[in-house]
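Engineer: Each chain, letter by letter, is given below.
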Amino acid sequence: MTEFVLDGARFALRRLANMVVIVGRITLLYAEMIVSVPARFPWAQTIDQMDRIGVGSLGLVFVVSLFTGGVAALQAAYQFSSVVPLKYIGAVILRSVIIELGPVLTALVLAGRVGAGITAELGTMKVTEQVDAMRAMGINPVRFLVAPRIIAGTLMLPIVTIFANMIAIFGGFMVAVGVVGVSSATYVNSLKDFFYVKDLISGLIKAVFFGNIIATMGCYFGFTTEGGAEGVGTATTRAVVSACVLILIVDYLLATVLFRVIFTES
Amino acid sequence: MIQIRGLKKAFGEKQVLDGIDLDVQSGETVVVLGPSGTGKSVLLKHILGLIEADAGSIQVDGEEVVGRPEHELNQIRRRFGMLFQGAALFDSMTVGENVGLGLREHRALPHGEIAGRIRERLEWVGLAGVEQAKPASLSGGMRKRVGLARAIALDPQFILYDEPTTGLDPITADVIDQLIRSMQKRLGVTSVVVTHDIQSAFKVGDRIAMIYQGKVVFTGSVEDAKTTDNAILRQFLEGSSEGPIQPL
Chain Z
1 MTEFVLDGAR
11 FALRRLANMV
21 VIVGRITLLY
31 AEMIVSVPAR
41 FPWAQTIDQM
51 DRIGVGSLGL
61 VFVVSLFTGG
71 VAALQAAYQF
81 SSVVPLKYIG
91 AVILRSVIIE
101 LGPVLTALVL
111 AGRVGAGITA
121 ELGTMKVTEQ
131 VDAMRAMGIN
141 PVRFLVAPRI
151 IAGTLMLPIV
161 TIFANMIAIF
171 GGFMVAVGVV
181 GVSSATYVNS
191 LKDFFYVKDL
201 ISGLIKAVFF
211 GNIIATMGCY
221 FGFTTEGGAE
231 GVGTATTRAV
241 VSACVLILIV
251 DYLLATVLFR
261 VIFTES
Chain Y
1 MIQIRGLKKA
11 FGEKQVLDGI
21 DLDVQSGETV
31 VVLGPSGTGK
41 SVLLKHILGL
51 IEADAGSIQV
61 DGEEVVGRPE
71 HELNQIRRRF
81 GMLFQGAALF
91 DSMTVGENVG
101 LGLREHRALP
111 HGEIAGRIRE
121 RLEWVGLAGV
131 EQAKPASLSG
141 GMRKRVGLAR
151 AIALDPQFIL
161 YDEPTTGLDP
171 ITADVIDQLI
181 RSMQKRLGVT
191 SVVVTHDIQS
201 AFKVGDRIAM
211 IYQGKVVFTG
221 SVEDAKTTDN
231 AILRQFLEGS
241 SEGPIQPL
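In the order they appear, the protein sequences are chains Z and Y.
Under the numbering used here, the first residue of the first sequence carries the number 1, and numbering increases by one thereafter.
Under the numbering used here, the first residue of the second sequence carries the number 1, and numbering increases by one thereafter.
Among the hints, a few may not be true.
[As the list claims (entries may be wrong)] No farther apart than 25 Å at their CA atoms in a straight line, the calculated lysine to aspartate or glutamate pairs in the DMTMM-like style are these: (1) Y:14 x Z:51; (2) Y:14 x Z:48; (3) Y:134 x Z:51; (4) Y:8 x Z:226; (5) Y:134 x Z:100; (6) Y:14 x Z:132; (7) Y:134 x Z:251; (8) Y:8 x Z:132.
[Said to hold, decoys possible] Here are some of the chain Y residues that sit facing chain Z, going by a computed Cβ distance under 10 Å: (9) 94; (10) 117; (11) 124; (12) 202; (13) 218.
[Said to hold, decoys possible] Label-pair ranges, simulated between beta-carbon atoms: (14) Z:16 x Y:54: 43 to 53 Å; (15) Y:23 x Z:249: 50 to 60 Å; (16) Z:56 x Y:246: 45 to 55 Å; (17) Z:237 x Y:140: 23 to 33 Å; (18) Y:243 x Z:2: 54 to 64 Å; (19) Z:259 x Y:52: 42 to 52 Å; (20) Z:44 x Y:169: 31 to 41 Å.
Simulated from the structure, these hints should not be mistaken for lab results.
Idealized CB from N, CA, C, for every residue including glycine.
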């Protein structure tokens with residue numbers, strides 16, 4: 001029994017030490033980025049990444065958001081039944097989408113699409129010596145490869161989230177009007193009456209953090225990939241899982257700061 | 001000139017380099033031979049500072065490489081070109097972008113001049129007109145030649161070749177060997193070629209160095225190597241499994 005507890009404690013300590021190492025390495029990665037980027041900003045690479053991360057994700061985000069909005073409308077109608085008037089369905093969809101569903105679902109979807117893509121690309125570059133080739137040419141791979149992805153991820157996620165919000169609210173409109181039977185005027189009026197700028201800002205602040213997390217995890221695990229194809233696969237899985245877990249933890253922390261400290265109802 | 005003294009490197013328990021001493025004179029081509037896994041590629045990466053040495057010294061024209069910070073190493077690296085074993089071409093870029101990357105990053109040249117230099121270097125390696133191709137569409141030999149064009153784009157003083165003929169058919173390997181010789185004549189570069197291709201070593205090398213168990217066990221001219229009584233080099237050149245070299 002004592003041995004079992006000791007083994008558990010050792011395991012926990014090893015995991016904790018591993019986490020401290022990862023945090024340390026990410027800090028060093030950011031330090032190098034801060035030093036190298038201002039000297040020569042990688043404009044072309046950043047714009048290319050903004051296109052790949054942002055514009056390239058719109059199709060997937062469109063489908064996910066449309067159905068999210070639709071399901072939100074059905075769920076709201078079911079839960080409102082004989083308790084809350086259906087005229088509030090637009091408000092419920094609006095606020096739940098722009099505060100929570102839009103930023104979080106978009107981030108989780110992009111953690112899979114973008115985070116995995118970044119890790120697989122950088123990991124493959126690492127194991128096929130492309131990163132070494134870049135260093136051998138006197139080019140700093142953190143400035144050339146990491147910085148554009150982190151900057152693009154951080155900037156593009158709020159923009160993609162705004163798009164996701166609009167599509168989800170439209171999806172909710174389609175179902176609320178077409179299936180639940182609410183009139184379009186009622187839905188639109190509900191949106192107007194319950195739109196608060198602070199809700200939108202809260203969601204977009206979350207999206208900035210989530211975009212940064214996705215790109216950072218993707219770059220970190222890509223850059224620390226070891227071995228061949230198996231190593232790339234393992235690194236990709238770790239990047240996506242870490243990003244998803246961090247998104248949910250940071251979502252809670254930000255919700256606490258935003259809604260209990262900054263944007264209190266009073 | 002590259003001067004290596006007492007270079008040591010271990011990965012975990014395995015002592016890969018155990019006190020390497022090697023001089024490469026300006027303008028000469030030294031071929032480093034050795035069985036697989038003896039640290040030949042690791043040695044090349046140490047010369048560029050891509051791997052941090054545990055001990056020892058590497059001087060490039062009198063400038064120390066070991067222990068230098070990355071931004072200072074970047075200045076030294078600009079004097080080098082390196083052809084990697086798998087060519088290490090950047091998949092996301094075209095051939096032209098691969099060859100021109102160093103020029104765009106390090107030289108403030110007009111676009112037309114960069115395009116001209118890319119065209120010229122690709123012609124030198126016999127690949128005129130492939131600027132728009134993606135690396136994935138090229139054969140192994142073509143990838144190596146593009147890698148060489150990229151390595152020479154900045155007119156380096158030194159070129160490092162990591163297994164330049166590995167995985168190529170004999171005819172393509174000979175093309176690469178001739179390119180290595182022609183680069184030496186055309187650019188007057190100092191070269192280090194890591195290989196276990198004996199034929200290639202004798203074709204391109206001015207001097208041969210043999211690494212075994214982390215140490216240089218032979219250095220001499222190609223003629224010296226052919227007539228040596230060094231048992232380790234003899235066994236390696238004869239390709240025999242009998243002798244002091246223990247197969248892995």
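Engineer: Are the hints correct? Go through all of them and say.
Structural biologist: Here is how each hint holds up against the structure:
| no. | hint | result |
| --- | --- | --- |
| 1 | Y:14 x Z:51 | 45 Å, violated |
| 2 | Y:14 x Z:48 | 42 Å, violated |
| 3 | Y:134 x Z:51 | 20 Å, holds |
| 4 | Y:8 x Z:226 | 22 Å, holds |
| 5 | Y:134 x Z:100 | 42 Å, violated |
| 6 | Y:14 x Z:132 | 22 Å, holds |
| 7 | Y:134 x Z:251 | 41 Å, violated |
| 8 | Y:8 x Z:132 | 20 Å, holds |
| 9 | 94 | 14 Å, violated |
| 10 | 117 | 15 Å, violated |
| 11 | 124 | 18 Å, violated |
| 12 | 202 | 27 Å, violated |
| 13 | 218 | 28 Å, violated |
| 14 | Z:16 x Y:54: 43 to 53 Å | 29 Å, violated |
| 15 | Y:23 x Z:249: 50 to 60 Å | 56 Å, holds |
| 16 | Z:56 x Y:246: 45 to 55 Å | 53 Å, holds |
| 17 | Z:237 x Y:140: 23 to 33 Å | 31 Å, holds |
| 18 | Y:243 x Z:2: 54 to 64 Å | 55 Å, holds |
| 19 | Z:259 x Y:52: 42 to 52 Å | 48 Å, holds |
| 20 | Z:44 x Y:169: 31 to 41 Å | 38 Å, holds |
Consistency note: the structure conflicts with the earlier hints numbered 1, 2, 5, 7, 9, 10, 11, 12, 13 and 14.
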